[in-house]
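If you want the building blocks of each chain, they are given just below.
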Amino acid sequence: AQKVTQAQTEISVVEKEDVTLDCVYETRDTTYYLFWYKQPPSGELVFLIRRNSFDEQNEISGRYSWNFQKSTSSFNFTITASQVVDSAVYFCALSDKYSGAGSYQLTFGKGTKLSVIP
Amino acid sequence: DAEITQSPRHKITETGRQVTLACHQTWNHNNMFWYRQDLGHGLRLIHYSYGVQDTNKGEVSDGYSVSRSNTEDLPLTLESAASSQTSVYFCASSESLGLAGGNTQYFGPGTRLTVL
Numbered sequence: 001a002q003k004v005t006q007a008q009t010e011i012s013v014v015e016k017e018d019v020t021l022d023c024v025y026e027t028r029d030t031t032y033y034l035f036w037y038k039q040p041p042s043g044e045l046v047f048l049i050r051r052n053s054f055d056e057q058n059e060i061s062g063r064y065s066w067n068f069q070k071s072t073s074s075f076n077f078t079i080t081a082s083q084v085v086d087s088a089v090y091f092c093a094l095s096d097k098y099s100g101a102g103s104y105q106l107t108f109g110k111g112t113k114l115s116v117i118p
Numbered sequence: 119d120a121e122i123t124q125s126p127r128h129k130i131t132e133t134g135r136q137v138t139l140a141c142h143q144t145w146n147h148n149n150m151f152w153y154r155q156d157l158g159h160g161l162r163l164i165h166y167s168y169g170v171q172d173t174n175k176g177e178v179s180d181g182y183s184v185s186r187s188n189t190e191d192l193p194l195t196l197e198s199a200a201s202s203q204t205s206v207y208f209c210a211s212s213e214s215l216g217l218a219g220g221n222t223q224y225f226g227p228g229t230r231l232t233v234l
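So the sequences go chain by chain: A and B. Numbering-wise (my numbering), the first sequence opens with residue 1 and increments by one. Numbering-wise (my numbering), the second sequence opens with residue 119 and increments by one.
These are computed hints drawn from the structure, not numbers from a lab. Certain hints may be false.
[Stated by the list, open to error] For the chain B half of the interface with chain A, some residues (derived, Cβ under 10 Å), not all of them:
#1 W145
#2 G176
#3 L196
#4 A200
[Said to hold, decoys possible] Straight-line C-alpha distance at most 20 Å; calculated EDC-like pairs for lysine to aspartate or glutamate:
#5 A:K110 <-> A:E15
#6 A:K97 <-> B:E213
#7 A:K38 <-> B:E121
For glycine and all other residues, C-beta sits at the position ideal for the given N, C-alpha and C.
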């Protein structure tokens, strides 16, 4: 069963538009952690944010914001006023007691490719 | 600045050869991980280590091995390379949190391996 679902495979937006990347997760644990990573065309994986399950406050960092809703098991990522440099593949990931092959390993979604058109 | 490096960045090898991919981190992290990234599968965990002399199998460990003789390095060995192991390989590290888990993993730049 897929534990992290990023239903949007690819999204294209015009520069300066806002865009939201969806992430839905599945866990039976009460303590878990959620992450977003960015993979630009150069290929490296860049850490963006980590949230634990006890902190449902939304977070804003510049043009980036994250909406964590336990009621819908979602951890969505919004980029405001998108820029060409935001073009990348974005991965959502879950870490819980039952992850993968051992406790608290990262389970990744399959990623959303965002293209920002100038 | 602390960092995590991988070498080589690109490698082409032939089926049946042994290949070792290096991963070195200067974060002094206890935890280290190897992933492979393939189209349609995202990132999948190969092996991981929680400290020196500790190694564990991940989701897709068949055909791979690791050893941890010091804190800084976790080399990944493909015993007999197969075409199915053509992929991009990422190493990552994180601080240890004991049983609490969930610590942030920081990734190396990746190694693109092609097995012909």
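Structure-based check of all given hints:
Checking W145 (chain B) against chain A: minimum C-beta separation of about 13 Å lies over 10 Å; hint violated. For G176 (chain B), the interface hint holds, since its Cβ comes within 10 Å of a Cβ in chain A; the closest pair sits about 5 Å apart. Because the beta carbon of L196 (chain B) sits about 19 Å from the nearest beta carbon in chain A, more than 10 Å, this interface hint is broken. A hinted interface residue such as A200 (chain B) counts as satisfied when its beta carbon comes closer than 10 Å to some beta carbon of chain A; here the least separation is about 21 Å, so the hint is violated.
For the proposed pair K110 (chain A) and E15 (chain A), the alpha carbon gap of about 24 Å is over 20 Å, so the pair is violated. Taking the CA atoms of K97 (chain A) and E213 (chain B), the gap is near 17 Å; set against the 20 Å cutoff, the hint holds. A threshold of 20 Å between alpha carbons decides the hint, and for K38 (chain A) with E121 (chain B) the separation of about 18 Å falls inside it, so the pair holds.
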